[in-house]
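Undergrad: Make a model of the complete structure from these sequences and hints.
Spelled out, the chains give:
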Amino acid sequence: MSFASECNSLALAELSSFAQTATLADVEAALARSEASGKRVMLVDFAALISPVASQPAYLEAMAQRAHELTVKHFGRVMRFFAPLYLSNECINVCKYCGFSRDNPILRVTLTVDQVVTEARYLREQGFRHILLVAGEHPHFVSDNYLRDCVARLHSEWPSISLEVGPLETEQYRPIMQAGGEGLVVYQETYDRTVYDAMHVSGPKRDFNWRVDTAERAYAAGFKRLGIGALLGLAPWRNEAIALAAHAKYLLKKCWMAQLTISAPRLRPAAGEFEPLVNMRDRELVQFVCALRIAFPEVGLVLSTRESAKLRDHLIPLGITMMSAGSHTEPGGYTGQGRETLHLTKGGRMVKPDLPMIQSEGEHATVQFQIADERSPAEVAARLQQLKYEPVWKDWEGALNEA
Amino acid sequence: MTDKPQKLRIANRDFNSRLILGTGKFASGEIMALALEASGAELVTVALRRADLSGQGDKFANILTFIDAKKYLLLPNTSGARNAEEACRLARLGREATGSAWLKLEIHPDPRYLLPDGVETLKAAEILVKEGFTVLPYINADPVLAKRLEDAGCATVMPLGSPIGSARGIETRASIEIIIEQATVPVVVDAGLGAPSHAAEAMEMGADAVLVNTAIAVASDPERMAEAFKAAVTAGRAAYEIGLAVKRKEADATSPLTGFLE
Chain D
0 MSFASECNSL ALAELSSFAQ TATLADVEAA LARSEASGKR VMLVDFAALI SPVASQPAYL
60 EAMAQRAHEL TVKHFGRVMR FFAPLYLSNE CINVCKYCGF SRDNPILRVT LTVDQVVTEA
120 RYLREQGFRH ILLVAGEHPH FVSDNYLRDC VARLHSEWPS ISLEVGPLET EQYRPIMQAG
180 GEGLVVYQET YDRTVYDAMH VSGPKRDFNW RVDTAERAYA AGFKRLGIGA LLGLAPWRNE
240 AIALAAHAKY LLKKCWMAQL TISAPRLRPA AGEFEPLVNM RDRELVQFVC ALRIAFPEVG
300 LVLSTRESAK LRDHLIPLGI TMMSAGSHTE PGGYTGQGRE TLHLTKGGRM VKPDLPMIQS
360 EGEHATVQFQ IADERSPAEV AARLQQLKYE PVWKDWEGAL NEA
Chain L
0 MTDKPQKLRI ANRDFNSRLI LGTGKFASGE IMALALEASG AELVTVALRR ADLSGQGDKF
60 ANILTFIDAK KYLLLPNTSG ARNAEEACRL ARLGREATGS AWLKLEIHPD PRYLLPDGVE
120 TLKAAEILVK EGFTVLPYIN ADPVLAKRLE DAGCATVMPL GSPIGSARGI ETRASIEIII
180 EQATVPVVVD AGLGAPSHAA EAMEMGADAV LVNTAIAVAS DPERMAEAFK AAVTAGRAAY
240 EIGLAVKRKE ADATSPLTGF LE
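Sequence lines, in order, name chains D and L.
Going by numbering that gives the first Met the number 0, the first residue of the first sequence is number 0, and it counts up by one from there.
Going by numbering that gives the first Met the number 0, the first residue of the second sequence is number 0, and it counts up by one from there.
Please keep in mind that the hints were generated in silico from the structure rather than gathered at the bench.
Honestly, I wouldn't trust all of these hints.
DMTMM-like mimics (lysine to aspartate or glutamate), calculated; alpha carbons at most 25 Å apart, straight line [said to hold, decoys possible]: (1) Lys72(D) with Glu226(L); (2) Lys387(D) with Asp220(L); (3) Lys345(D) with Glu272(D).
Note that the coordinates shown come from a computational prediction; the quantities given were computed from them, not determined experimentally.
TA: Below, the structure written as structure tokens:
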């Protein structure tokens, strides 16, 4: 049994429709249940908390207060930092919304292991002790052996190494975990099967079930942190929220020894000029974050640099427990590694780009998406201290990752 | 009954304070240092996962620099370890890096309720005691496990009152009473103490010490809350040492059955 089969038996459509029609009494009942039992808020309560009526100012404020209280109680006044390090922007999938999509004529590169180490050292100097290795899905350029080699080389300098890469088999994950990998992040992008089909035009990513069960395969291989999420902007956000919450609830039971984190990234401008199919307002994102915190008091909530500095500062007390800062979303973005091997990939083969293209792109690989918060890690850390939060760079120890 | 407060003795070392502090969740190292000072604690636990174990003075993992080694005995803990093997590995690294052979042994594989795994804890305790560690194990309030850990050579047992950070107080009272009754090592009630009254209650029950973290760290004024816990622990302990009045259901002025003897 996995979530792919389990989710068919859950009343997700009914819950999604309830998330539209819940009344103020339902919202009050959900909040009351949270106060009374703390941890035992049900999916139906979560649906009420994300409903349109719950976004009224008085109710949203009550939710924010509750979310803040639970966050401080469970996580304290601390914020954990992490940095994404892009290994490669090669990809064999065609996904309409993604800058790395195979058919986009972008400058691509896969960093060598030595180049990865150089980029990582730069991030280490900035203070980071938790790194997230990110790559497009490409079994040739980004093989499981390559990922294992990257992790093995970084292990001695990085107390915590997570990966956000194309889904693999359990047996492929195991050597990566044994080399020192701690966390595995995979976003479903959208939990709406129809939209999923339409967005993922070609490549192995077309298989919804294979992707949705990735976290379970990673757990079976021994990964200790699992990250899930939905890319907001593809399907109605309330439906995504319900499915994501159901997925989280399922994983909390099935993968009981893993620390679960949830992300709610909103689509950002990227190569391919994809326009979001649905828009999610700031108020709705705030509501979503609060509802997640109330429904899942001990789950980590992750916030990337996709959101603006101002919004990020305001989301911190509402439930965010992990942040990135100063991020680059292209391989080589921190120190210019891989610059000399930039290329286009056509039909799986590397093609030399013409000079004007390199000049216009600025001699670096193309980004996955544009970031919005451009503050340096030190600036974000200083801002956190102003907000009376302790920036925590190191919260893990490599010795815990040795198998 | 003595008229001087009794000292807490753990592994041949005396402590005046019976309040042990945890160092997680504070808004800054400075605020933590003030709370430690105000609490009067002499024993302070730190998660090794947050500390610099590289020996290179990592300024991005500087939690230990806020804990004055002259004032406090450092009690590193193995939070994050999910089994005995991970805990032992972390403990050895910690001893090397901090120089402290005292260890709060924590093994909680479930990251949500952080409930301790008794099987793995006993396994790790047996190994670490042999390696010369002074082991203070965090356990569920299980009287048999407490005795087994004592037999294994642990310096204390640290049963939980309720899950870490829950502020639910002493929900395991009946079992903790048995642990206290049977123990030949100090019993430290750890976890779940959300209010000074919870700490006082543990001390009145005869616990030798309490460990508090969340309730102080996330208070709007951690320094004053630390003082409040200090006062509660002192009061609770004094009451225990003096002997509490026995609770009765009714007033008890006469002796209806044996009064005729007077």
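Undergrad: Confirm or reject each hint.
TA: A quick look at each hint next to the structure:
1. Between the alpha carbons of lysine 72(D) and glutamate 226(L) the distance comes to roughly 20 Å, so the proposed pair stays at or under 25 Å and holds.
2. For the proposed pair lysine 387(D) and aspartate 220(L), the alpha carbon gap of about 12 Å is at most 25 Å, so the pair holds.
3. With a C-alpha separation of about 20 Å, the suggested pair lysine 345(D) and glutamate 272(D) falls inside the 25 Å cut-off, and the hint holds.
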